[in-house]
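Protein chains: 2
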Amino acid sequence: MKSDLDALMQARNMDAFIVFGNAENNPPMTYLTGGGHVSHAAVIKKRGEEPLYFFGDMERDEAAKSGLKLIPYSKYDLEALFKKANRDNLLAAALRLELMFRDAGVTSGRVGVYGFYDLGAIFGALSRLQTLLPEIEFVGEAREDSIFLHAMETKDEAEVNRIRRMGEITVEVVEKVKDFLTACEVRNDEVLLKDDGSPLTVGDVQAKIRLWVAERGAELPSGFIFAVGRDAGVPHSSGNPADLIRLGQTIVFDIYPAEAGGGYYYDFTRTWSLGYAAPEAQELYNQVKEIYDTLKDSFDLNAPFRNYQVMTCEYFESKGHKSQLNSKAPLDGYVHSLGHGVGLNIHERPFSGLLVGEDHRLKPGVVVTSEPGLYYPEKGMGFRIEDTYWVRPDGKMEILAEYPYDFVLPMKKWKPAHG
Amino acid sequence: MKSDLDALMQARNMDAFIVFGNAENNPPMTYLTGGGHVSHAAVIKKRGEEPLYFFGDMERDEAAKSGLKLIPYSKYDLEALFKKANRDNLLAAALRLELMFRDAGVTSGRVGVYGFYDLGAIFGALSRLQTLLPEIEFVGEAREDSIFLHAMETKDEAEVNRIRRMGEITVEVVEKVKDFLTACEVRNDEVLLKDDGSPLTVGDVQAKIRLWVAERGAELPSGFIFAVGRDAGVPHSSGNPADLIRLGQTIVFDIYPAEAGGGYYYDFTRTWSLGYAAPEAQELYNQVKEIYDTLKDSFDLNAPFRNYQVMTCEYFESKGHKSQLNSKAPLDGYVHSLGHGVGLNIHERPFSGLLVGEDHRLKPGVVVTSEPGLYYPEKGMGFRIEDTYWVRPDGKMEILAEYPYDFVLPMKKWKPAHG
Chain A
198 MKSDLDALMQ ARNMDAFIVF GNAENNPPMT YLTGGGHVSH AAVIKKRGEE PLYFFGDMER
258 DEAAKSGLKL IPYSKYDLEA LFKKANRDNL LAAALRLELM FRDAGVTSGR VGVYGFYDLG
318 AIFGALSRLQ TLLPEIEFVG EAREDSIFLH AMETKDEAEV NRIRRMGEIT VEVVEKVKDF
378 LTACEVRNDE VLLKDDGSPL TVGDVQAKIR LWVAERGAEL PSGFIFAVGR DAGVPHSSGN
438 PADLIRLGQT IVFDIYPAEA GGGYYYDFTR TWSLGYAAPE AQELYNQVKE IYDTLKDSFD
498 LNAPFRNYQV MTCEYFESKG HKSQLNSKAP LDGYVHSLGH GVGLNIHERP FSGLLVGEDH
558 RLKPGVVVTS EPGLYYPEKG MGFRIEDTYW VRPDGKMEIL AEYPYDFVLP MKKWKPAHG
Chain B
198 MKSDLDALMQ ARNMDAFIVF GNAENNPPMT YLTGGGHVSH AAVIKKRGEE PLYFFGDMER
258 DEAAKSGLKL IPYSKYDLEA LFKKANRDNL LAAALRLELM FRDAGVTSGR VGVYGFYDLG
318 AIFGALSRLQ TLLPEIEFVG EAREDSIFLH AMETKDEAEV NRIRRMGEIT VEVVEKVKDF
378 LTACEVRNDE VLLKDDGSPL TVGDVQAKIR LWVAERGAEL PSGFIFAVGR DAGVPHSSGN
438 PADLIRLGQT IVFDIYPAEA GGGYYYDFTR TWSLGYAAPE AQELYNQVKE IYDTLKDSFD
498 LNAPFRNYQV MTCEYFESKG HKSQLNSKAP LDGYVHSLGH GVGLNIHERP FSGLLVGEDH
558 RLKPGVVVTS EPGLYYPEKG MGFRIEDTYW VRPDGKMEIL AEYPYDFVLP MKKWKPAHG
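These protein sequence lines map, in sequence, to chains A and B.
Numbered by the numbering used here, the letters in the first sequence go through residues 198 to 616 in order.
Numbered by the numbering used here, the letters in the second sequence go through residues 198 to 616 in order.
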């Protein structure tokens with residue numbers, strides 16, 4: 198939680214940090230400021246002190262909503278800095294940063310650098326700044342080890358409620374997509390048709406999904422996946438808009454909306470087959486569902502998340518599939534890790550990969566996905582089931598948005614000839 | 198244009214560059230790869246050679262759409278790298294980067310660093326990498342000087358057509374907002390009402406704007422501004438969702454949609470007053486419109502963009518307002534610069550601020566905004582008119598989406614008592 202930041206800084210012997218960038222779509226900045234339309238901003242926080250928020254004057258109303266201590270950039274005379282820098286933009290930026298650090302009382306010590314922002318501009322400015330403030334040591338951290346991903350790992354109730362709200366929107370949209378698809382007319386060759394009699398495309402469905410998410414005030418800042426057949430067999434193929442939609446094909450629908458402006462995410466996947474399913478597809482789906490259910494019954498409070506990745510790999514191997522446990526970088530079978538934390542980042546701590554440490558655990562307050570899957574692009578099939586779970590303070594794992602697990606969706610206007 | 202990158206590298210004595218991050222919402226990466234759902238990727242380009250695209254296997258379909266030379270991360274044995282790094286995540290990342298640079302044939306020289314990505318992770322990894330590849334000098338550039346902002350500054354026809362398409366969507370949405378507002382019932386106290394008789398809020402209108410943009414397949418990755426009264430007087434206040442909408446207030450509607458997934462932007466503003474306008478508001482609007490029109494008639498091919506900022510400041514000063522020419526960081530009057538380039542970044546070269554160099558010019562192929570405005574938050578008013586112009590190869594400035602400049606919008610169901 199945010200209140201852990203000081204302790205995390207202390208544990209790393211970090212005296213201060215600076216976060217660069219916009220307040221939107223920039224998780225550490227959104228976390229500290231609450232978001233809003235503030236661009237090219239910065240926050241400097243000294244350990245044990247209140248953060249200082251630097252922003253452009255035109256965005257003073259938005260910045261004020263943060264409740265942080267504010268310093269508008271107009272405090273620093275940009276024209277004078279440019280002259281002093283002989284019109285060298287990087288040096289002028291470094292000179293302003295020097296004044297900002299001095300105003301924050303930070304002129305020495307280890308200073309963490311964070312934010313999703315322009316790498317070149319910050320790399321260049323910090324190099325110049327280093328000569329102006331030689332007593333500061335700027336420190337980078339691997340993403341999964343950063344104090345922000347650690348603080349964000351456990352959510353308070355307000356954060357969980359925001360994720361839950363995104364979950365409600367998610368399942369509303371998923372239900373609308375299901376209703377829409379199953380109500381379509383079907384051509385003799387089993388292709389779905391639009392009202393005007395022309396074939397429905399993956400792109401048509403994707404447009405509707407975007408619209409139904411927007412109607413609910415949410416966004417899709419990391420896209421989404423609605424992929425059919427072979428594309429469903431490539432985990433992160435987002436789907437080919439020109440493809441037609443046929444009965445009996447696997448459809449992987451993975452949707453991860455976020456609050457507008459880069460807020461909290463939800464993450465959810467269902468796999469469908471319209472009208473009927475090939476026996477092999479049904480069998481593979483059943484395997485995914487079986488391990489999904491086994492996992493759900495097995496999650497233990499405080500257990501290392503990777504244990505469940507091992508369990509999932511072992512299960513799929515027992516069914517004859519490849520996994521990361523028996524193959525290096527498999528391209529079919531079970532090819533990814535089981536899940537990940539969800540919050541202001543679509544992927545955050547705790548992670549479940551075989552290479553992560555035992556400190557990635559199902560602690561109270563974490564919000565994680567469980568998403569086993571099987572992928573056979575050569576067979577034109579893919580399968581994944583995913584829900585987002587909250588590890589409650591009482592130790593129970595709660596799915597934040599319930600939704601049925603039907604694989605074959607009956608079509609309202611089509612019946613199997615032999616059925 | 199993209200084909201300028203090699204010459205720009207040469208001019209800066211840059212031997213190679215690396216771009217980090219996702220292919221979406223990351224302009225340099227989108228520029229090189231064409232976008233798509235590819236995350237945590239990298240592109241390394243040696244001067245005079247084809248770029249090499251590094252990506253995760255699950256996103257191989259999306260990466261392949263780039264047409265670039267591809268190397269999946271699975272080529273590098275992550276488990277072995279972790280062991281070699283003693284499970285130090287930053288060192289493991291640096292060891293993989295070392296292999297990637299070696300595969301790209303880059304082991305010495307000046308290497309530019311680009312991309313919107315996790316500053317801390319890259320800062321940390323490059324610090325480690327520096328000891329592994331000591332002959333490389335990593336180079337940062339100020340944003341406005343970067344080779345990417347220089348290359349992107351001039352657009353080819355395909356890029357202009359994509360911006361134009363966003364312009365068409367923009368004015369369609371603006372027209373829908375105008376039709377919606379002017380069709381509202383009006384209460385005795387001049388507050389606009391919804392169909393159910395309750396007051397219309399700024400938040401209601403903002404929700405409709407989001408929806409109408411999404412319906413057209415575009416996104417609002419940098420938000421938008423629909424601000425009324427006092428908020429209209431603060432240039433980047435996005436508007437208070439709880440505010441009611443009254444006749445005779447200034448409404449600043451600044452909308453900058455982009456292609457889904459972080460593509461090309463359009464940028465557009467109109468200022469409206471519903472039903473009637475106070476005489477002072479009409480007078481200030483007329484001034485903004487007058488200088489807007491004067492500018493339009495004055496733009497000269499290849500002229501420094503900042504000349505028009507000077508012209509605008511001088512005009513507003515002659516009318517008794519503050520500007521950046523006669524005041525440091527004014528909070529009312531004409532408080533910002535005239536315009537900016539528009540492309541994959543909502544703000545890019547050329548810039549028009551008083552501090553930018555004469556190399557920011559209205560060259561053929563640039564796409565820029567012209568957006569004079571006046572701001573009086575204490576009086577509860579703000580005004581801005583903005584269009585996006587393309588400097589055509591024949592030297593003519595073309596507005597990419599025409600839209601009327603009416604200030605007072607007559608209400609369909611309300612007439613002024615004395616009118």
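Hints listed in this document are in silico derivations from the structure and should not be mistaken for laboratory results.
There may be inaccurate statements among the hints.
For chains that are exact copies, the list does not tell them apart, and a pair is met inside one copy or across any two.
Only pairs whose alpha carbons sit at most 25 Å apart, straight line, appear in this in silico PhoX-like list of lysine-lysine [unchecked claim]:
hint: 1; residue 1: K612; residue 2: K493
hint: 2; residue 1: K373; residue 2: K405
hint: 3; residue 1: K280; residue 2: K525
Hint by hint, here is what the structure shows:
Proximity of K612 and K493 under a CA criterion of 25 Å is satisfied in neither setting, with 34 Å inside one chain copy and 64 Å between copies. In this assembly of identical chains, the alpha carbons of K373 and K405 lie at most 25 Å apart whether taken from the same copy (9 Å) or from different copies (20 Å). In this assembly of identical chains, the alpha carbons of K280 and K525 lie at most 25 Å apart only when taken from different copies (15 Å versus 56 Å within one copy).
When the structure is compared with the earlier hints, a violation turns up for hint 1 alone.
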